[in-house]
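Start from the sequences and build out the full structure, keeping to the hints where you can.
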Amino acid sequence: MTAQSLAQKLIARAAGQASVRVGEIVTCRVDLAMFHDSSGPRRLKPMLEDLGATIWDKSRVVLVMDHYVPERDDAARRIVRIARDWAREQQLPHVYDSQGICHVVVPQHGHIGPGLFCVGGDSHSPTGGAFGAYMFGIGSTEMLGVVVTGEIWLRVPRTIAMHWSGRLAAGVCAKDMMLAMIARFGMNGADYQAVEFTGDAVRGLSMQERMTLCNMSAELGAQTGLVAPDDVTWQWLRETGVAPLPGDGDAMDWASDPGSFDVQHDFDAAALSPQLAAPHSPAHGVPLAAHADTRIDVAYIGACTGAKLDDLRFAAQVLKGRRVASGVQFLVAPASLKDRAQAEAEGTMQILTDAGAVVLPSACGACAGYGDSFAEGQTVISSTARNFKGRMGPPSTQVYLGSAYTVAASALRGRITDPREVMA
Amino acid sequence: MSDAGPPQGAKAPSGGSAAHEVASVGANSAAPMRWHTVWHLGDDVDTDALAPGAYMQLGIEGIAPHCMENRDPAFARDVRPGDVIVAGRNFGIGSSREQAAAVLVHLGVAAVIAPSFGGLFFRNAFNLGLLLLTCPEAGSLQGQPQLAIETAPLRLALPDGRVVACEPVPDFLLAMAQAGGLLPQLRQRLAAQASSRL
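Just so you know, the protein sequences line up as chains A and B, in that order. So the first sequence is residues 4 to 427, counted in our numbering. So the second sequence is residues 1491 to 1688, counted in our numbering.
Don't read these hints as lab results, they were simulated from the structure. For every residue, glycine included, the Cβ atom is placed at its ideal position computed from N, Cα and C. Hints should not be assumed to be uniformly reliable.
[What the hints assert, rightly or not] Sample of chain A residues with no beta-carbon within 12 Å of chain B, all distances over it, derived:
1. V25
2. A164
3. G169
4. A172
5. Q238
6. D265
7. F270
8. V289
9. H294
10. A328
11. S329
12. D357
13. V425
[Claimed, not checked] Only part of the chain B face toward chain A is listed, based on derived beta-carbon distances under 10 Å:
14. A1544
15. L1548
16. G1609
Quick look at the structure:
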């Protein structure tokens, strides 16, 4: 048996094999299929009816309404209504309507954990890899195949290790790590292989920060991003009330075998400064200093990538007792209602609203580019994942991507600012 | 780089049927060469360029006229069934929205040829019956108005007699593209299951 990476171990389990070879094409049993109002019912329902087929196992399906909620027009109302009607009609047991963004809501409700093989109808589905699940995004037709058969094919990927040693400096976080990696390797740099994040700096990250790493594996072009489960993972799962999973605990050897990585790239966390991706690509990453003092109109903390509880806390660290610059629109859309409730309970939201934040619904919002978007010619700094031309506003909108620290610091000064300059 | 599209009169001699048609995939010697008009699109064509988010609430017919509008407004207007795309690196990077592939099918694009594709887009394209050819030398096709697709081995033929190799595509994916995608295959599979139960 050849050395197996964590990715290979997870795939082998789902394929019912002892091991898998890189490049081998296998068929995997799916433990969880997640989809949302945009990728799910409105596309699956007609295709299922057309086929005269039924859902293979409703207990393994999770539906989240997050893209078109709250409904802003008739088209959105129609799409969300299809999802709600279908959920009722099918008596789906796991539906989260307007509770937040799928990649955050689904693990927070205990659906994802180590050893599982999961697919999501959304490109940021690799987020689930933070929990030691093999999770990746697929399109609606492929989701139809999963929903009908419970299976999916996969070409066993190589595993690329991103090894971060040392400790991140204050004001630097997982988002900066990702922007640095995407800048170095490009948006397709991971070539649809598996990426595993390793090293002391990764071990030292909270669960939500690990989610940010795996989430933006999508922007690296990886099929999935993984962090091997450890004490942080198990503790988080216990606190979330996740029931024991197949392959739970020590039953599976989670570590990638020595020699199983195709390549390992090494990074020094201590040397990392706040990063920025300039318009119009997440791969236009540069040290923040290159664009310092660029004037901004909007500071946006949102999305599964950049508005989880930890991100809200980062912003609050910067803004405690302060107000954002006049003329800057400071928008905060917490990634889930659960994160928002916790942020409210602990005072984090109060700090942000005192600083001038307008709190938006917990949904994909401007990040998806499906509805609310920024205005002609505006310059935006955003904690989201993508700044493609025309995605979050008209083609003239200039979107810079940065961490929640950086967005908050920039809101404070009204221009792109290194958070370390304003943090005590 | 984004060409203004094929020159007038460069239409493929064999024309194109109104219905979407996967580029002919047959034995090299048997079938007559079918020439496809080429659209040259650049590097990093992302899913927002192919299926802009602002139109995602619409059906494919509604999204298709806006395909590539921020990069090459002539494309959606002038592309004809049977045309092929030759693109640069990373075609289809970005979101999982399969509408990015579906609009190309809707517009009748017979195949996309590029040195690399977004992985999600790659799966979506075959699931919808769109043939993608990974061609490390796609850059050498720059300026070519027409090409033909040969199989066994999978390669491109140019009017000047040159041939350009493509990476092999697994048989089950070729079969999926030829069947018109996953949906027709699922229909066959379900029908077979039903008849075996009779």
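Enumerate the violated hints, using their earlier numbering and listing them in ascending order.
-> Per hint list: zero violations.
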